[in-house]
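K.L.:
Turn these sequences into a full structure, and let the hints steer you where they fit.
Just so you know, the protein sequences line up as chains A and B, in that order.
Counting along the first sequence from 1, when you hit position 313 you're at 313 in my numbering, and nothing is skipped either side.
Counting along the second sequence from 1, when you hit position 115 you're at 115 in my numbering, and nothing is skipped either side.
Since no wrong hints were added, every one of them can be taken at face value.
Below, computed lysine to aspartate or glutamate pairings styled on EDC-like, alpha-carbon distance capped at 16 Å:
(1) K512(A) <-> E588(A)
(2) K101(B) <-> D440(A)
(3) K447(A) <-> D28(B)
(4) K447(A) <-> E58(B)
(5) K502(A) <-> E598(A)
Over 10 Å on every C-beta distance to chain A, these chain B residues come out as not near it, computed from the model:
(6) S44
(7) P118
(8) P202
Simulated from the structure, these hints should not be mistaken for laboratory data.
All figures in this text were calculated on a predicted structure; none of them were measured in a lab.
Glycine included, C-beta positions come from ideal geometry on N, C-alpha and C.
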Amino acid sequence: MTGKIFMIRKTFSYSLLFLSLFVFCYPQVNATPKNITISVSLDRDTIGMDEQATLQVVVSGSMQNLPAPRIPTLPMFEVYSQGRSSNISIVNGQVSSSLTYQYLLLPQKPGTFPISRISIVYNNKRYEGNPVELTVLNNGTATPPKLSYESQGKNGQKKDYFLEAVVDKKNPYVNEQVTLTLKFYIAVQYYGSPELSEPTTTGFWTEVLGNKTPYYQRIGNRNYKVIERLYALFPTQTGKLTIGRAAIRTTVAVRNRNRDPFGVFGNIFNQGRDVTIRSRPLTIKVKPLPEKGKPKNFSGTIGKFNISATANKYSVEINQPVSVTIKISGIGNIKSVAEPVIPQLKDFRVYKESSNENVAKSNGKISGAKIYKEVFIPKRAGKLQIPAISFNYFDPQQSKYKKIATRPINLKVIEPEGYTTSTELPYPSPEIVIGNKINDIRYIKDKIGKTKPVGSLTINTSLYVIVNGLPIMVFVGLVFIRRRREKLNADIGYARSRIASKMARKRLAKAKSMADIKMGSDFYAEIYNALISYIADKLNISPHGLTIDKVKELLKTKTQNQLLIDDVIDLFQKCDYVRYAPSSITQEDINQALQKAEKIMIAFEEVKFV
Amino acid sequence: MYKKATIYFSIIFLLAIIPQLSISAQVDEFKMANKFYQSKDYDSAIRLYKSILKQGRESAALYYNLGNAYFKKGDIGYAVLYYMKAKRLDPSDDDIRQNLKFAKQFSKIQMEGVTLNPINSFFVNIVDPYRLSTLAWISSIFFILFFVFLIIRYGMGMNTIFIKIGIIILLVLLVISSSLTTFKYHNEYIIHRAVVVSENSPVYTGPSDHSDIEFEGAPGLVVEILGESSDYFHVLFENKRQGWIKKEYLAKI
Numbered sequence: 001m002t003g004k005i006f007m008i009r010k011t012f013s014y015s016l017l018f019l020s021l022f023v024f025c026y027p028q029v030n031a032t033p034k035n036i037t038i039s040v041s042l043d044r045d046t047i048g049m050d051e052q053a054t055l056q057v058v059v060s061g062s063m064q065n066l067p068a069p070r071i072p073t074l075p076m077f078e079v080y081s082q083g084r085s086s087n088i089s090i091v092n093g094q095v096s097s098s099l100t101y102q103y104l105l106l107p108q109k110p111g112t113f114p115i116s117r118i119s120i121v122y123n124n125k126r127y128e129g130n131p132v133e134l135t136v137l138n139n140g141t142a143t144p145p146k147l148s149y150e151s152q153g154k155n156g157q158k159k160d161y162f163l164e165a166v167v168d169k170k171n172p173y174v175n176e177q178v179t180l181t182l183k184f185y186i187a188v189q190y191y192g193s194p195e196l197s198e199p200t201t202t203g204f205w206t207e208v209l210g211n212k213t214p215y216y217q218r219i220g221n222r223n224y225k226v227i228e229r230l231y232a233l234f235p236t237q238t239g240k241l242t243i244g245r246a247a248i249r250t251t252v253a254v255r256n257r258n259r260d261p262f263g264v265f266g267n268i269f270n271q272g273r274d275v276t277i278r279s280r281p282l283t284i285k286v287k288p289l290p291e292k293g294k295p296k297n298f299s300g301t302i303g304k305f306n307i308s309a310t311a312n313k314y315s316v317e318i319n320q321p322v323s324v325t326i327k328i329s330g331i332g333n334i335k336s337v338a339e340p341v342i343p344q345l346k347d348f349r350v351y352k353e354s355s356n357e358n359v360a361k362s363n364g365k366i367s368g369a370k371i372y373k374e375v376f377i378p379k380r381a382g383k384l385q386i387p388a389i390s391f392n393y394f395d396p397q398q399s400k401y402k403k404i405a406t407r408p409i410n411l412k413v414i415e416p417e418g419y420t421t422s423t424e425l426p427y428p429s430p431e432i433v434i435g436n437k438i439n440d441i442r443y444i445k446d447k448i449g450k451t452k453p454v455g456s457l458t459i460n461t462s463l464y465v466i467v468n469g470l471p472i473m474v475f476v477g478l479v480f481i482r483r484r485r486e487k488l489n490a491d492i493g494y495a496r497s498r499i500a501s502k503m504a505r506k507r508l509a510k511a512k513s514m515a516d517i518k519m520g521s522d523f524y525a526e527i528y529n530a531l532i533s534y535i536a537d538k539l540n541i542s543p544h545g546l547t548i549d550k551v552k553e554l555l556k557t558k559t560q561n562q563l564l565i566d567d568v569i570d571l572f573q574k575c576d577y578v579r580y581a582p583s584s585i586t587q588e589d590i591n592q593a594l595q596k597a598e599k600i601m602i603a604f605e606e607v608k609f610v
Numbered sequence: 001m002y003k004k005a006t007i008y009f010s011i012i013f014l015l016a017i018i019p020q021l022s023i024s025a026q027v028d029e030f031k032m033a034n035k036f037y038q039s040k041d042y043d044s045a046i047r048l049y050k051s052i053l054k055q056g057r058e059s060a061a062l063y064y065n066l067g068n069a070y071f072k073k074g075d076i077g078y079a080v081l082y083y084m085k086a087k088r089l090d091p092s093d094d095d096i097r098q099n100l101k102f103a104k105q106f107s108k109i110q111m112e113g114v115t116l117n118p119i120n121s122f123f124v125n126i127v128d129p130y131r132l133s134t135l136a137w138i139s140s141i142f143f144i145l146f147f148v149f150l151i152i153r154y155g156m157g158m159n160t161i162f163i164k165i166g167i168i169i170l171l172v173l174l175v176i177s178s179s180l181t182t183f184k185y186h187n188e189y190i191i192h193r194a195v196v197v198s199e200n201s202p203v204y205t206g207p208s209d210h211s212d213i214e215f216e217g218a219p220g221l222v223v224e225i226l227g228e229s230s231d232y233f234h235v236l237f238e239n240k241r242q243g244w245i246k247k248e249y250l251a252k253i
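P.N.:
What follows is the structure, encoded as structure tokens:
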């Protein structure tokens, strides 16, 4: 197995990646070869004498170590090997490889020449490719300047080959493109493709622009074939920067006396001498960008740019996205183009959608476009405008900062039917939502509050009973009082009778204070008045014009107590008598009269008047 | 004369101050119990809260804290019992309602098919947020006002339209408020409710352990006591199922 790997390496000198791939896929690789096909093709089947054709031989098969094809001697052509490329694919565990060999055919004379018998031998078996035919027309075009064999170091002659490195600017701004051109001049024949070691470009961002089609140039008396390779260099720092040497290794033809063009197969490929050609290093002084007029937040983009913005629709419903494509294109390091700043918009929510860039290399300049897609979501209906979006860059040709801007985009935003606007509040939506599910009991109370006897009820407290009983009592009492008052009002006689003894007692008290012999007549007058008004009140009659006889009559109708009537009459007569003969009374009479009056009144109170 | 007044005043003062002193002692005990609760010594907290009850004083907060302590101890039956006692004293307190509802969820047995009499629950919903005393005092106010109007009408003889209408309105209000008060009183004090507090409390079909077991009760179940016979309570569950439970397994609210 190791031997096999070694062989693979020897045969193809592939990269390590391929190698490991083969090791990994070895069991499949080792499978018996199914078939080997050789297909031969020409890029064109008719050429002029001054033209060349490319012969392509594709050897393909299901194994990896295919041998090189044998090319029969083609005496009508000069044949140059143009190298080989390989392609290996593994599909469903099946390895198939194909090797493509290219040969450059330079016609020697006109005519039609078949090219056949291109073959390989594998495992003692011969495989042959399809024959092709190439017609060379004698159309009389000038033969290309024939490159001579390597000079034998003749004096005064230009070199046979040299490598030149030139830059278009020696004093660029930082980030401004510097085009480096490597020119390989060769005046002698060489074989195969020259092998190039790229120059070191530390301090630059380098983009290879590619090779130009070779051309011929006459310098002095010699014809040189010139191969140009271009690089775009963008200095990333200021100050002195050095572009290192480039080197080309190639095989130049040397004059070989033993050369036999019809000789042994293959000797034309191996004739020559390996040479290495170097260029001179270059020094470049990089200027910083001028501070004057430098916009704020300048991102450092240099070149010449345009900006444009387009929307995918110009009429949209509320909250529906509009995709706006902002394209910044132009010459310069497109990769360094910073994203345009979209200002905060009150009518839109803005989201980034995507960005991509494409870089083109044309005419020795790096150019391209950076495309930003932004989504604008209108927040309200009406005619809205996406404002101009501006972009700053530095134009090195004019040594000026430039500001470019897109045209504003007008949008018609429609409110769909049944749309309800939600008020925009300057708060974000909640980050944490707390549900109403509780996890524990609520905490104990701090204060015992108002305590009451265990089991006591308000409705059983005496306060409650009293408060509620009171109005009943007041009501009953008041009703009772009112009833009584009504009775009083209705029966004045009853009232007089009730107050009679009160009045009489007052008068008797007054009489008592006069119970003295010196004022005897006054005393009797008082007794008389007291008694007469007392009886009048009791009998509910007017005291005026009440005589003793009348009293006697009235009393007789009201009571059967003859003794009481006699007493009353007796006392009245006494009083009358004293009024007309005051001198006859004694102190004893006065006292007797007072007692009698009191006795009468007590008796009267007990009398039930009908 | 002065001596007598001094003695009277001192007696009144003492009568006024003695309950004050005992109240402040209860407040201290309550705070102490809260501290025990805070330090998660629920047994000590329960002992102290109960000692206040033994002194013959109760309050919604006291019952509530007791309920919390029992809940934290893991005794759902007594937790529900004391929350219900607390709720009866202060039905408007949200903490009590919340914890009662929360604690009931933890009962191992949940009753299915609880149907409510719509008329009954209508009145329950009306009176539920108010204390019995509040309803009683509202009725009292209408009662007194009604009599004030009656006094004006019949005691003083003022018989204006205002008084006549006032008497009718107040009579209506008085009837409504006193009906609600009576309803509340009946619902909370005449109907006896109890909570199952014991694990393994079988519900029998009759008042003896020879009867069949209907189902196994669990702490936290609330029942209505329909009647009793020596060792058993005849109980009605929330979903109208009936049964007999040993008295010692229940705690009356």
